[in-house]
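Q: Keeping their order, the protein sequence lines are chains A and B.
For the first sequence, our numbering begins at 16 and goes up steadily by one.
For the second sequence, our numbering begins at 16 and goes up steadily by one.
To be clear, the hints were calculated from the coordinates, so they are not data collected in a lab.
Do not rely on the hints blindly, as some may be mistaken.
Identical copies carry no separate label here, and so any pair may be met within one copy or between two of them.
[Unchecked claim] Result set (DSSO-like, lysine-lysine): computed pairs, CA atoms no more than 30 angstroms apart in a straight line:
1) K97 x K26
2) K257 x K161
3) K97 x K257
4) K161 x K301
5) K187 x K255
6) K301 x K135
7) K93 x K51
8) K161 x K255
9) K106 x K135
10) K89 x K257
11) K39 x K106
The structure displayed is predicted, hence computed values, not measured ones.
2 protein chains.
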Amino acid sequence: MYGAIEAGGTKFVCAVGNSQLEIKEQAAFPTESPVKTIQNVLDFFQSFQLDALGIGSFGPIDIDPLSSHYGYIKNTPKQAWKNVDFLGKLKQVYDIPIGWTTDVNAAALGESTVGAGQNKTNVLYLTIGTGIGGGMVIDSTFLGGKMHPEMGHIPVKRHPQDSFAGSCPYHKNCLEGMASGPTIEARTGVEGSKIDDAHEVWSFLANYIAQALFNYTLTLRPDIIVLGGGVMDNKLLLSKVKEELSPMFNQYVDVPALDEYLVPPLLENKSGITGGLVLAEQVYDKN
Amino acid sequence: MYGAIEAGGTKFVCAVGNSQLEIKEQAAFPTESPVKTIQNVLDFFQSFQLDALGIGSFGPIDIDPLSSHYGYIKNTPKQAWKNVDFLGKLKQVYDIPIGWTTDVNAAALGESTVGAGQNKTNVLYLTIGTGIGGGMVIDSTFLGGKMHPEMGHIPVKRHPQDSFAGSCPYHKNCLEGMASGPTIEARTGVEGSKIDDAHEVWSFLANYIAQALFNYTLTLRPDIIVLGGGVMDNKLLLSKVKEELSPMFNQYVDVPALDEYLVPPLLENKSGITGGLVLAEQVYDKN
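Using the sequences provided together with the hints, build the complete structure.
A: Below, the structure written as structure tokens:
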């Protein structure tokens with residue numbers, strides 16, 4: 016029996032599943048203080064005999080096993096969680112193998128194992144929501160050395176009609192600063208789900224996301240890119256992104272047909288928690 | 016006994032070495048027509064009994080083993096080499112395992128095995144010369160799916176004082192279009208090796224290269240970046256790049272000390288040919 020935690024900045028999802036990755040029990044609760052939230056996690060798992068646990072966490076996090084801060088949440092804007100030894104607190108309670116990675120890495124692992132990328136070797140998963148982040152799985156292994164990717168913060172060129180200054184506290188007008196969910200409301204005063212599909216803000220976002228996908232394609236050469244996150248819930252956005260991206264590839268870069276290359280998550284909102292189960296299985300098999 | 020070919024757009028290097036990667040014999044000749052050049056390759060290897068061969072080639076090349084054009088040089092600006100079945104012509108002659116990858120992948124493999132990245136898991140190699148290209152080795156395996164990276168063509172933001180239009184035939188003002196060797200002479204009328212270190216052109220290049228390194232760091236998270244190619248022969252350029260890059264990392268991204276993170280090739284001009292020998296050994300061991 017495996018446990019999985021999808022630790023998001025807004026909510027936590029916990030699940031228990033078997034080696035067929037079937038979720039047997041699941042719960043979600045809001046992300047509150049570390050003490051309260053971790054207590055909720057422990058309460059959920061209390062009645063299960065876990066063999067291993069897999070965690071996908073919001074970040075940035077320390078994933079270097081040789082670091083004295085391995086398992087910590089690092090310099091997050093969520094003050095109460097800054098420098099919290101998240102993994103350590105779970106290790107105090109569970110004497111089982113625990114896998115530890117980012118939320119987007121976990122989602123990439125879920126999609127690459129039983130989701131949209133299950134027949135692909137190189138699977139890139141992006142979330143475009145409250146923040147923007149990406150994780151890549153290459154043959155069941157995460158891309159990244161001692162540090163995980165921060166590809167949501169790459170620079171983008173300003174859309175000529177877009178006067179929005181950018182919202183990233185670190186880089187102002189990076190990809191996340193220009194195309195994350197909150198930028199929609201910051202530009203228009205209205206939240207994304209209530210804005211007409213014809214509003215120019217969607218063209219701006221489509222352009223920035225396409226710039227990023229062009230960049231990732233040249234650099235990473237994924238076989239498939241899975242696009243998740245709340246902003247992608249707008250049903251027309253993905254086709255607008257494809258329209259923007261197609262001329263960028265021009266004749267130079269061969270990519271698969273865009274309808275096969277850029278896809279929504281097959282596991283819908285379960286990519287991350289499923290990836291947590293896969294991660295639990297991976298660390299169990301290694302032990 | 017292993018053979019290696021470093022197939023560059025300007026010159027070919029061929030070598031024969033042993034399993035200790037010691038080069039026993041080496042030759043270089045200019046890149047002429049495919050027929051002439053491949054004949055030179057065959058002549059060089061004629062007196063050796065090879066067990067395997069490793070090739071690092073200029074590109075773009077087809078590296079998808081399932082493609083009908085696997086082993087071809089693709090849409091290169093060098094007209095005579097366009098759509099040439101380079102690997103096929105060698106396979107007609109040698110009935111031995113042959114490894115086939117890009118010139119920069121081969122250099123990355125050389126540096127990661129016995130060069131500057133020999134103790135690192137994630138090694139990024141960049142060449143900044145006539146063109147700009149990059150290859151990454153993760154635990155002895157190349158990054159990339161059915162296609163190899165083309166990270167020399169990522170977009171960059173224009174330096175405010177730089178009015179150069181850009182020289183890339185495909186993207187005009189991408190990284191290669193703004194920072195490759197020929198752009199120096201195109202801007203100044205003088206070739207790079209003869210230009211004063213204080214000339215503003217070096218600041219432009221340092222800025223573009225730093226933008227690229229920032230981007231690759233966020234996306235790829237290498238443990239080390241090895242910077243080769245003729246443009247990097249300018250002894251002050253690497254320190255200028257570090258000066259530009261340091262404020263870009265700001266407080267958000269933790270990277271190793273820049274003097275350890277950004278380094279010249281330890282194998283100097285032998286990164287690629289050594290990587291060819293490593294590749295030959297890899298395919299030999301797999302067979």
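Q: In ascending order, which of the hints set out earlier in this document are inconsistent with the structure?
A: none
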